[in-house]
Amino acid sequence: MTPTMTTAARLAGLPAGLDLAAADGEALHPEAAAESPLSIRGLTVSYGEKPAVFSVDATFPDGALSAIIGPNGAGKSTLLKAALGIIPRLSGEVSVFGRPIDAARARIAYVPQRASVDWDFPTSVLDVVSMGLYRRLGLLRRMRSEERAHALACLERVGMTDFADRQIGQLSGGQQQRVFLARALAQGADLYLLDEPFAGVDAATERAIIEVLKSLRAEGRAVVCVHHDLSTVESYFDHVFLINVRRIAEGPVASTFTAGNLQATYGGRLAAGHIEQLRLGGGTA
Amino acid sequence: MSDLLAALTLQAGYNAALVAIGAALLGFAAGAAGTFLFLRKRALVSDAVAHATLPGVGLAFILMVALGGDGRSLLGLLAGSAVTAGVGLLLVEWIARRTRLAEDAAIGAVLSVFFGIGVVLLTVIQTMSSGRQAGLESFLLGSTAGMLYLDAVVIAVGGALSVLAVWVLRRPMTLVSFDPDYAAACGYDVRRIDLAMMALVMAVTVIGLKIVGLILIVAMLIVPPVTARFWTERAGRVIWIAAGLGAVSGYVGAAVSASAPALPTGPIIVLTATALFLLSLLFAPARGVLAAVLRHRRFQRRVHRRQGLLALARGELIHDPLTLSVLRRAGLIRADGVATEAGRAQAAKAARDEHRWEIARLVNQDTALTGRYDGLTPIERVFTADQIAEFDRHLGPPRPVAGDAAGA
Ligand SMILES: Nc1ncnc2c1ncn2[C@@H]1O[C@H](COP(=O)(O)OP(=O)(O)O)[C@@H](O)[C@H]1O
Ligand SMILES: [Mg+2]
Chain L
0 MTPTMTTAAR LAGLPAGLDL AAADGEALHP EAAAESPLSI RGLTVSYGEK
50 PAVFSVDATF PDGALSAIIG PNGAGKSTLL KAALGIIPRL SGEVSVFGRP
100 IDAARARIAY VPQRASVDWD FPTSVLDVVS MGLYRRLGLL RRMRSEERAH
150 ALACLERVGM TDFADRQIGQ LSGGQQQRVF LARALAQGAD LYLLDEPFAG
200 VDAATERAII EVLKSLRAEG RAVVCVHHDL STVESYFDHV FLINVRRIAE
250 GPVASTFTAG NLQATYGGRL AAGHIEQLRL GGGTA
Chain B
0 MSDLLAALTL QAGYNAALVA IGAALLGFAA GAAGTFLFLR KRALVSDAVA
50 HATLPGVGLA FILMVALGGD GRSLLGLLAG SAVTAGVGLL LVEWIARRTR
100 LAEDAAIGAV LSVFFGIGVV LLTVIQTMSS GRQAGLESFL LGSTAGMLYL
150 DAVVIAVGGA LSVLAVWVLR RPMTLVSFDP DYAAACGYDV RRIDLAMMAL
200 VMAVTVIGLK IVGLILIVAM LIVPPVTARF WTERAGRVIW IAAGLGAVSG
250 YVGAAVSASA PALPTGPIIV LTATALFLLS LLFAPARGVL AAVLRHRRFQ
300 RRVHRRQGLL ALARGELIHD PLTLSVLRRA GLIRADGVAT EAGRAQAAKA
350 ARDEHRWEIA RLVNQDTALT GRYDGLTPIE RVFTADQIAE FDRHLGPPRP
400 VAGDAAGA
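Each protein sequence line maps, in turn, to chains L and B. When the letters of the first sequence are read in order and numbered with numbering that gives the first Met the number 0, they come out as residues 0 to 284. When the letters of the second sequence are read in order and numbered with numbering that gives the first Met the number 0, they come out as residues 0 to 407.
Just so you know, these hints were derived from the structure itself, not from any lab. It is possible that part of the hints are untrue.
Between beta-carbon pairs, the in silico distance windows are [said to hold, decoys possible]:
no.: 1; chain 1: L; residue 1: Glu48; chain 2: B; residue 2: Arg236; range: 45 to 51 Å
no.: 2; chain 1: L; residue 1: His273; chain 2: B; residue 2: Leu163; range: 45 to 51 Å
no.: 3; chain 1: B; residue 1: Ala5; chain 2: L; residue 2: Ile86; range: 58 to 64 Å
no.: 4; chain 1: L; residue 1: Leu139; chain 2: B; residue 2: Ala274; range: 22 to 28 Å
no.: 5; chain 1: B; residue 1: Gln10; chain 2: L; residue 2: Ser171; range: 56 to 62 Å
no.: 6; chain 1: B; residue 1: Val112; chain 2: L; residue 2: Ala263; range: 49 to 55 Å
Not everything, but these chain B residues come out facing chain L in the computed CB check (under 7 Å) [as the list claims (entries may be wrong)]:
no.: 7; residue: Gly115
no.: 8; residue: Ile116
no.: 9; residue: Ala164
no.: 10; residue: Arg170
no.: 11; residue: Leu174
no.: 12; residue: Phe177
no.: 13; residue: Asp178
no.: 14; residue: Tyr181
no.: 15; residue: Asp188
no.: 16; residue: Glu232
no.: 17; residue: Arg233
no.: 18; residue: Ala234
Note that beta-carbon positions come from the ideal geometry of N, C-alpha and C, so glycine has one too.
Let's have the full structure, built from the sequences with the hints guiding it.
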């Protein structure tokens, strides 16, 4: 049993050593859900008349790396954005560390999908990382040398110190993704929400990002990633949440990331051969 | 010329000095407030807002006359224009958010409807007995004739408040312009910040009505930030460079128009700003057209030089006139196309580096490094001397390049 599963077991109110396979997501005790870094109840979001996310419940564990997995258009980004209040929700409740989300904003850091910004915007890499400090600085306080040093330290953590003065558009896709991660790190949050951080990045960046995420977990923080590469789920993550408009399954990777659950999530879109390549245990949902 | 000099040094009379100072203050505020309009890519919303001021001017005049005043109080007219501009702004927001129309359609609709109503009101006022000398149509293109001390004070106070608001809101406005989703996730109310941004633009528009007029105020808001963008890659600096450019345009434009009686102030200010824009477009060091052309030519020459050297190394004939001229000027080939001593040495080096890259791709697994092959980057800049020595062991001894390979 890995240390993180022990954390999850503690969270779930289970005695350490008990196999978590017995505790599927929905079996979590109510008081455990109250402590969860991100807990979603009955979330429905719709663009126009067609729900993109329908009545979804989710509870992500603390001190763990969680993946949100589902086919293109399954509503993964929508789930994150609605949970954060970036887009309005039709119904549902979201709590962060047991409190309403607006009371816990300072504890959340979000890394949006890379495609969403104008890369010709007049801003340097260090400026972007400093944006992670804006909330703390407020409107009037000037940025002092210690805040600058903090931003540089966050850049250091993603290996981008040499690029601090570059205009953000002059970086490669992988480098831009690292800068976005550094901005989230600058916030010093306890819950990190990332939308496809590994999409379209080079191998070196993927390694750098997963190292940072694992170090966050080691510090006891919670990380939730929208993730698309099924082949890395088992080596990167502790917990998975499978979604296709509705929630399909949720729980520890070992018991939930199964061929049966994947078939239920992807339907015909994921060829049986593809699932076989992943060499997962049999088991249906 | 001496008239212009007198105007520039505020020696051209009380009124001209007042106008020049007022225009500089207005330009400063407009440049700063317009920066975020430009960064948020909503320049045309300000056009709708500006045109929506006109019915307010007319209504305020009618109201003031009805209450027994003379209707020409600048403060009253500006207050009226602010009200209808605010309504127009909210209407654009509402149409874009609540209906299936996109923002550009909402802008078009609000702009033309409000402007139409305004023109009708001005026509009605013309026929009123008290309206004959109202001069309200001067708000279309601005008029500085008979500007009062109080008018300058209104511009100074309004401008200072706008600049202060830009400074206070610079962080949320930068964040919302760059990455609205992230701003919302951080807990900023994006809609309210957008409205604040537009309210600022509205304030500048209203105080600019007197000098520049509602048709050209958009230029004061947009041209300085666009110009400033040529000179910096930092949003924080765009604000103050734009403000400075706006102030210079206002001051110089007002002075030029004061030096010759027939020149209208607003249009001259805008033309001054445009001149600064054109200078920046052409000559800005990193983003200017000239710099881009020079950069491209330098790059093209590097490519031709490299290709020429590789052709020399392979003993191929070179026909491309640019390649020949680049090699000749660098002293790598003689006028008759035969490689010189230096040319043969460099060709051998280029060919060897090319082979080294091939070996590098075979033996070095780090795609982040081998991926940097672009045909131009010197291999020494990517790999260490030890790594290159390793490649050379695979390659064997260098081969010389024959002298009579190229040209004729
Ligand atoms: N802004 C939008 N307007 C309308 N439909 C949208 C919008 N964003 C996403 N959708 C639709 O909602 C569904 C879910 O999208 P999304 O959450 O981006 O999926 P995912 O991130 O899982 O690929 C898709 O069918 C998509 O087409
Ligand atoms: Mg997505």
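Are there hints from earlier that the structure breaks, and if so, what are their numbers?
2, 4, 7, 8, 9 and 15
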